[in-house]
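Protein chains in written order, with our numbering: chain A, 70 to 401; chain B, 70 to 401; chain C, -15 to 311; chain D, -15 to 311.
It should be emphasised that the hints constitute simulated quantities derived from the structure, not laboratory data. All values reported here derive from a predicted model rather than from experimental measurement. Be careful, since some hints might not be right.
Example chain B residues on the side facing chain D (calculated, C-beta under 8 Å, incomplete) [stated by the list, open to error]:
| no. | residue |
| --- | --- |
| 1 | 90 |
| 2 | 123 |
| 3 | 142 |
| 4 | 179 |
| 5 | 218 |
Glycine included, C-beta positions come from ideal geometry on N, C-alpha and C.
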Amino acid sequence: MTDAAAPAETSVRAALTRALDEALGADETVVLLGEDIADPSGGVFGVTKGLSTKYGSDRVRDTPISEQAIVGAAVGAALGGLRPVAEVMFMDFLGLCLDQLANHAAKLRYMSGGRTPVPMVLRTAVGAGLQVGAQHSQMLEAWITHVPGLQVVVPSTPSEARALLRSCIESDDPSVFIEQVPLLQRRGVLDDAPVPLGVADTKRAGTDVTVITYGRQVHDALAVAESLAADGPDVEVLDLRSLSPLDSDAVVASVSRTRRAVVFHEAVVTGGFGAELAALVSEALFGRLLAPVLRVGAVPAPLPYAKNLETLALPGRDRLSTAIGHLMSFGG
Amino acid sequence: MTDAAAPAETSVRAALTRALDEALGADETVVLLGEDIADPSGGVFGVTKGLSTKYGSDRVRDTPISEQAIVGAAVGAALGGLRPVAEVMFMDFLGLCLDQLANHAAKLRYMSGGRTPVPMVLRTAVGAGLQVGAQHSQMLEAWITHVPGLQVVVPSTPSEARALLRSCIESDDPSVFIEQVPLLQRRGVLDDAPVPLGVADTKRAGTDVTVITYGRQVHDALAVAESLAADGPDVEVLDLRSLSPLDSDAVVASVSRTRRAVVFHEAVVTGGFGAELAALVSEALFGRLLAPVLRVGAVPAPLPYAKNLETLALPGRDRLSTAIGHLMSFGG
Amino acid sequence: MAVAGPDDDSIQAIFRSMVLIAACDDALRSAISAGTVTMAYYSPRGQEAVAAGFAAALRPDDYLVTTYRGLHDHIAKGVPLRPLLAEMLGRAAGTGKGKGGPMHVVWPDTGLMLTTGVVGSGLPIAAGLAWAAQRQGDGRVAVASFGDGASNIGAFHEACNLAAVWRLPVIFLCQNNGYGEHTPFAHHQRTARVSDRAAAYGMPGITVDGNDPLAVYSAVSDAAARARAGEGPTLVEAVTYRLYGHVFGDRMTYVPPGELDAAWEAEPVARFRRHLVDTGVLSDAAADRVEEECARLVADTLDEVLALDEPAADELLTDVVAGTRGD
Amino acid sequence: MAVAGPDDDSIQAIFRSMVLIAACDDALRSAISAGTVTMAYYSPRGQEAVAAGFAAALRPDDYLVTTYRGLHDHIAKGVPLRPLLAEMLGRAAGTGKGKGGPMHVVWPDTGLMLTTGVVGSGLPIAAGLAWAAQRQGDGRVAVASFGDGASNIGAFHEACNLAAVWRLPVIFLCQNNGYGEHTPFAHHQRTARVSDRAAAYGMPGITVDGNDPLAVYSAVSDAAARARAGEGPTLVEAVTYRLYGHVFGDRMTYVPPGELDAAWEAEPVARFRRHLVDTGVLSDAAADRVEEECARLVADTLDEVLALDEPAADELLTDVVAGTRGD
Ligand SMILES: Cc1ncc(C[n+]2csc(CCOP(=O)(O)OP(=O)(O)O)c2C)c(N)n1
Ligand SMILES: Cc1ncc(C[n+]2csc(CCOP(=O)(O)OP(=O)(O)O)c2C)c(N)n1
Ligand SMILES: [Mg+2]
Ligand SMILES: [Mg+2]
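Here chain A stands alone, though its shape is the one from the complex:
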């Protein structure tokens, strides 16, 4: 029996479905396309479940296995006045459709002097942590944050997943919306607050160290912060939510207070988005930091399959704790 007083919790998955449902309901021009997204399948992770039944399989449309055509058709549909939300099943498959995304979606507004904006969303999933191997696990946000013209979003909670996806759909520019599969089950109370792109959120205030993070790593960072709370440093957890546009003001403001920062993300460290954050903080707060900006992320290798190695490869709470300990070893 559920407690009548406690507000109902929703999963990230359901929050995403709701965002799509709301967008489809609110705006005739919103359309969805992707492999197996229509019912009865409703998407391999179930995010689009029920939507083709409700809005028709012409508006929530299955495609052949053709990632270039999926993204290219989204670009074209956007040029033609629709607001397509395309699904590319795994982010690893960006390598198949990055031309459409980076050479077309990202550039058409600019190259046309503003004549042809591309209001589309590309939703894509990341399987790291589920033992699905090196080709189904990659957080590749570094590829797309490097491309001017693209917006890049990684949600961490149900409410923000819903609100950020709505913001992406309403944006007049192309966005990539990244859904980490292990996060889909995470539950929380859904609120109705909109979340604009480009605004970070302080998930926990702290005075000694800022953990700059996003996506499911936010929860690991919070757990580490709590575990240290009793007799360790007071850790601030800053959830970027959108990487492009980046809320660099919030990043700099937080670290200018804590004077110590660690970037924590699931992607490989080398050349990861953490490098941009570390470079930015180090430059903006030169001479004011108590410790170097550290980066915690995946090791420089393809993600191994064996469970023990996969765990070692991905950035976990242990490595974040160690990094925080290291930061605290610098004076203050």
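On the provided structure of chain A, position chains B, C and D with the ligands as indicated by the hints.
Coordinates of chains B, C and D with the ligands only, in the frame set by chain A:
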């Protein structure tokens, strides 16, 4: 009439042709494939000129316009015992074949526990500075330096172009070899010294500032350094030559002496390889730098076509000079 | 030949369009030779009939997606000469404020939604435009114009299949000019015709003489009628020739002896003029007048455009995303 | 049927291969159900005849490139059971030291050069292997095994065309099991057969009953003979069925009523057994023996593999590039 005493100069283009010629001559398993690489075309930039005539159009082989098949066939040929050198005409087209490169070439050694190494080279050109627009101008090294398993090389002189290309071909792992089109004409005396991957070169020693750079930007950096030599700071120019593997020891050693650094590359700054370098230097030399690590690169926009805007968008000598001036404004 | 050919007015318009394309091409090549203009230029000379023919068969609001070799398509689809040339010359008054360049001309007012420099990438985008038209029920058709070489790239396959499965109102118009860069057709595929590939998607395919604008008009009219009737896509192959090679400066040493002479024999503008004069649609004098008029229009516009300003410096960071401007 | 069918020994080997595949699949599904083993498992049950048939038609050193749904191909091509299962279970003794996993099994000793998890990406790689064979003149053939859904992706098109133009000794073997994930064939393409696409490349295409190993054997033998004779690639489509859906746990609610029952009627292992017994090639008792033997072998190997170690921690950074090891 040429001066009999002066050694003959060779262009980067000719040096590349020579490297390929030597490799084809030395090793039966070396093969070339790409669009229009066979004679009479000899490649759109002429790099493969004469080679199909000399080694046969089965070994220096034209392909249809099929970037995925070009890179995939190179991966397969490498698995089958050849040492393919594939040409993808412009680096911008990586978005079409990154799956083969990042999900396959880069990962097959690891995923097979070492059973299936992929000794192949992908040569590709970058047209920035030639007014060829946003889809034919991109330095996208950040995409591939983020992928463990790939080697990434950007030469700056004829001798090194030749030697590094040979090193790539001889390597048992996949490499991406980046040829900036405006550099192809640059001439220099060719020496025979081999250049291993992962070894940076100090192109100019200096005591006040290190410019960390690669490719054609090396020459701009040298020009700026010379222009400042008389009454400005003494600038060290470090040419990385290979970005993966990265000679981080040389980077740190140089900056630990000069205590000021600027990264200078043609790519967009945001999320560029310069972020990795700045993060690395800032961390390794925390507390020992006199100034923040600065980054000079392309502005965060697709590359515009109009000549005036293209010039403004790309990092030039002016912007590097300004950055060096800014670095010198910090005490020391 | 289709049931209804174009009426006389349309035929005259087709002729004028072809003449204007050839005049524009001529002026640009001269200006590049003279050094007045610098650019990587992909001449469409020889392919005028394809562009004029297909554009005449379309509604003004039908969509077009084309390529770097797009000048003929741009002109035929009604992009005004001034912003078109201004874009090619990197001027602020260009279709893209000079920021796109010749490979990226767009003119949504007459349906030109994309010019791309990436071979084949326009096809899925055209499919997407057709999807938008299908959903909006506006009866529009999308045309993807591309080369023979482009029919070997993955995007061609994926777009054709998607369009067939979704019965999209799109026409895949292959301008088979015999070469992809320096590679002749028989060297890059083993089918006799690009249209032989249509069957792989359960789609009709047809090959026409691309140097005959009426043949192109007829094939595209039929395809457009099918598309508008909800019967899905068609692959139309127009066989033609690139009279000046791949890019300005191409010496065409790879072309077998005699081939170029034969191609000039079949050159479409003069041929169509002869046809119109022979059939009495146009007098020699009237044809001369069209040619002079077009040459003058092009020369005047080019002069005018040469005097225009480059984009302002603050355009550098404008249009990256909505509302971006300045540093 | 081809001129020379397999001899009796080969037929028995084909049968044993099919039985072994089914036994292995059975053991894995049971272990996953029981919770002994955890993995994303793509059952090949129902496709045994394709794998056993094509592998019997090849030389041991012929190359194979396959997919995540690859267990049948792996076994048929001679990957030993122990390293195969060890890889699937993430053990150090696996084909890739447990670092690749079930989607990335390789065994170069018997020509298995790649298993990929990216739909279609194996086809260009198979073309490259065939190019290596062609250049080295070793008479090898490369087989790319893929699904019906994969025939819609760009890599399929590019690989088929390249192989045709280069006359590569490669066989594109489409295991048409009626679905890509949950999408039925008729929903993802408009041709009746995948082999209808061969003509687009000027390549022979043939469709055979994929539940009849002898039909597959025959088609692949012919294709291999063509390939070895320098006549280039062939597209062979083997029509079959995925009896357990896409991935372990798939409830197959999208399958129309009756379809699954009919597919079980046509189940290839029992059907081939009946055929062999009926035609006197095998006695019932001998067939039982093969089935018991295979079941025991699989059970024993699985037990053995379950007791094996995971890879050592220092494997984490080994094999990234040559010589990489440790931190
Ligand atoms: C994906 C891609 N690969 C290569 C190129 C370089 N390239 C530009 S034009 C061209 C030839 C295209 O031939 P075709 O499709 O026949 O068109 P045509 O130029 O003959 O009009 C090539 C290879 C490109 N722009 N895009
Ligand atoms: C490029 C790519 N897109 C999507 C997927 C997700 N996916 C995995 S299997 C599959 C279906 C493949 O169908 P088919 O080719 O018929 O092979 P089957 O699974 O039936 O053997 C899909 C869409 C993938 N792995 N790779
Ligand atoms: Mg052509
Ligand atoms: Mg299938």
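- Query: Out of the numbered hints, which ones does the structure contradict?
  - Reply: 1 and 2
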